[in-house]
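From first to last, the protein sequence lines are chains A and B. All letters in the first sequence, in the order written, are residues 1 to 275 by our numbering. All letters in the second sequence, in the order written, are residues 276 to 987 by our numbering.
One or more of the hints may lead you astray.
What the hints assert, rightly or not - Dumping the calculated PhoX-like pairs for lysine-lysine here, alpha-carbon to alpha-carbon at most 20 Å:
(1) Lys71(A) / Lys772(B)
(2) Lys839(B) / Lys270(A)
(3) Lys270(A) / Lys935(B)
(4) Lys571(B) / Lys655(B)
(5) Lys936(B) / Lys270(A)
(6) Lys164(A) / Lys772(B)
(7) Lys659(B) / Lys571(B)
If you are wondering where the hints come from, they were derived from the structure by calculation, not from laboratory data.
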Amino acid sequence: MYRIVTKLELVSHINLFKFSAKEIAAKTKPGQFVILKVDERGERIPLTVAGADVEKGTITVVCHEVGKTTKQLGSLNEGGCIQDLLGPLGKRAEIRKFGTVLCVGGGVMVAPLHFQAKAFHEAGNMVIGVIGARTENQLIFEDKMRKVCNELYVATDDGTRGYKGLDFLKDLFKERKIDRVVAVGPIVMMKTVSEVTRPYGTPTIVNLIPIMVDGMGMCGACRVTVGGKTRFACVDGPDFDGHQVDFEELMARLKMYAPQEKLAFVFYEKGGRSL
Amino acid sequence: METGKEELRIGVFICHCGFNIGGVIDIPTVVEYAKTLPNIVCAEESLYTCSSTGLSVIKECIKKHNLNRVIVASCTPATHEYLFRKTCEEAGLNKYLFEMVNIREQSSWVHMHQPKEATEKVKDLIRMAVAKASYLEPQIEPELEINPSALVIGGGIAGMTAAMSLARQGFQVHLVEKETELGGMLRYLYELQPTGRDAAEILREAVTAVKANSNIHLHTSTLVKEVKGFFGNFDVTVQKKGSNELEQINVGTIIVATGAEDFKPVGMYGYKENEKVVTQLEFEQLLKKGELKKPKKVVMIQCVGAREKTGRTYCSRICCMVALNNALLLKKLYPDVEISMLFRDLQTYGEYEDFYHEARERFIDFIRYDPDKHPKVASKPDGKLTVTVYDVYLGAEIEIDSDLVVLSTPLVQHEDGRKLSSILKVPLGSDNFFFEAHPKLRPVDFASEGIYVCGTAHGPKDVTESIAQALAAASKAAIPMAVGKIKAEAVKASVDKDICVNCDACVVSCIFNAIEALPFGLPNVIEVNCKGCGVCAAECPMGAMQLRHFKDQQIVAAIEALLKPKKLAGLGGSFEPIILCFACQWCSYAAADLAGILRIQYPSNVRILRVPCSGRVDVLHVLKAFLNGADGVIVTGCLIGDCHYIDGNLKAKSRVDAMKKSLIALGVDPERLEIGFASSSEGQKFADMMKDFVEKIRRLGPNRLRVKEGGD
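Generate the whole structure from the sequences, applying the supplied hints.
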């Protein structure tokens, strides 16, 4: 059992959790993820880690309530426990001095992006941050990002805050020399960023979390096509070269169980039953 | 009820339809009942609501009572909804604030001998409509401008024909051909049947006409690179081969006429190993160019690489005729050449049968081979060929010496066609040819509006058929361009961005590419592309995506209105199952109507709720039905393969299959949920389906949740 030492509702339906997990905290680095299971009959879900405190022995994840499991997780409070927490999983992000690093994050994934941006900053990089969400009231971690970025841009899909969409990145690339790009967020965001950087050949790292089961390379559920080859996001990633990823396939694979996911959610929400 | 701030003022108009409804249903009782329902301001009956008297009563009541919702209970909306909606509009009421109840085809005509039960059913149906109407919202139908110019992709006979037809009607046409010259496959063909005209002659005429027409802008050696925009306003990027420069073209409609190529049977029957083994098209070339050295004995093999167990499973349709024609040409050229044709099933329909008879008269041998025992071709040291074949009629293997083997191979999709399918976002079928919106009703349209298909791009065809289909596609494309603008349906998807969790489920589920995900995941509905099926709404886990006029709130209101009073009333003495049937507005609803028209009787327990597509039926709707005590739920849609939204019924099926497993968690027997399919001509099948389902539910007994206290 893993105890929730902190729970913060960042915005409606997005919660930050700190779990007490000493061994995991000691080893977790930016870019890695954990798999958790809320209760005995629960679903295993992968979550990218948004922070690790070695001294306090806690890891941080930020979770959006998008389905039955995340809703159930969201219903837990400080002091409550989850059944299982497995990690750290996946390879660590490559953090060293590159020069100027552009860190782009969207939605709930701004939190794990912050974990990386902070590390890039500490490694002596000039960090340009871009954070976004579908609409203004969904933006998270803005102040935290501001602290670790030399510059920070804000964007929303509907233009209610900052730039509308990511078209402004094209101008940014015309003006600035950028040595490395890290994009963590919705698939379309990672794809859009990769397309912007492609003509410049700027190394663009995307963090992929497909459907996963074991997270240790056994089941193959998380297969992604990168450069025409099948790779497992859990052990070969989750970081991949954004210019090589087949995003369309990834998006379709992620929705493979959409009917079942909805069913579980509706039964949980409206029927009061766990499937 | 919360529909803005206005007070609800609902009027219900119940039609006798002479004796058609009034002869079975106790209308005065229904009218009195309707008056007891919430927010009803007036309830009227008339002998014929659709008569001018009946319509003016509606208009007067709208004015007199200041009605803001109108319900007509009469016949099927398929025939009369348009009229009643128009009447509402004339009285100043938005037509989307009208709701129709089908009490003739779906009650009085199908329960003719059960007046009491049929009357109860009508009360239920009206109660459901009143509940739904309370949540109806006014809608605006947007108008779209159509650019009166077309892009025709492919300069073969189909493309040239379509381009000429449109150009002659005065539209600007951009004709894009990837090769350096026009003509496509026609350039390689020789004599065309049934007229015997030389393909070169037809080609010459077509090319001359295309080049002479100033409305046609010809782009040869050009490929389509990108297509953006939508019906009426497509932005097309084309690129000349070998050049880096891109050209932009704006068009209102697009016709795909990219043709096909012949399958090269490398590795089969010694093709490419022995030069005496050629394809039918290569053989036709030899005849055409006069380069054929006189053979003594020729063997033709049909269905080479076609009608296979996997992959190219289809029949290429034209090869039997082409082979016969070429064999006859050869006989005319060298009457003493012996020809054997090895076939599986010779298919020469209509007047083409005459060519078969002529071939028999000219002593061409026809040998039927067994698809499980393919003929074998072996080279002899002297360079000649031996064909071994098991003759099905003879029941024995025979050997034929031959100095030329001709292989009839199917037409297949080419690489550029495959690429174009993803550029245009239009589907390919399992045979890899372009896939039309509906095989019978929309044979030259794609499901995406403003894009049409013709010629062999759509599947193997002869020149006559390609021309006919090209003219059809041109006519279809000309309609919106001539009108200049179209009024779009208001029933479209729309997203509530506060509830949305940017999960992309709607984006992935939409087969019409009508929903794009913005960078941070917010779905953006491209309304012009949206067909209003509601699959995305049923797929959205949060209920953020909704289909206007068929919102969850509206559907659930109808379901609860049906079931809640029944649950309160309890079971009473004997068990009468309450069955909720979702029917898609195209096929299964029409099948239910047809059952009525044919007076096919089925149990009155069924309450039909119309949805745009079975794919709209949400897990939530079914759950609400069972929680509120429905004894059975049956989802009905078009036959598999016939869905008007391509795969809505398949999505419904997978949802029902998944749901059956989950019903156990509710303590509901999975047998209480079913899915059925019926075409609009299957009234009997629909009635049988209902009868069987009601009987099954009767055996199962009442839904536990109907009897149990509390529930939802």
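Against the structure, the hints:
A C-alpha spacing of about 18 Å is found between Lys71(A) and Lys772(B), which places the hinted pair at or below 20 Å, so the restraint holds. The suggested pairing of Lys839(B) with Lys270(A) holds, with an alpha-carbon distance near 16 Å, which does not exceed 20 Å. Taken as a hint, the Lys270(A) and Lys935(B) pair is honoured in the structure, with Cα atoms around 17 Å apart against an allowance of 20 Å. The straight-line distance between the Cα atoms of Lys571(B) and Lys655(B) is roughly 16 Å, inside the 20 Å bound, and the hint therefore holds.
A distance of roughly 17 Å separates the Cα atoms of Lys936(B) and Lys270(A); the hinted pair therefore holds under the 20 Å criterion. In summary, the hint linking Lys164(A) to Lys772(B) is supported, as the alpha carbons are separated by about 15 Å, within the 20 Å threshold. Straight-line distance between C-alpha atoms of Lys659(B) and Lys571(B) comes to about 11 Å, which keeps the hinted pair within the 20 Å bound.
Against the hints set out earlier in the document, no violation occurs for any number.
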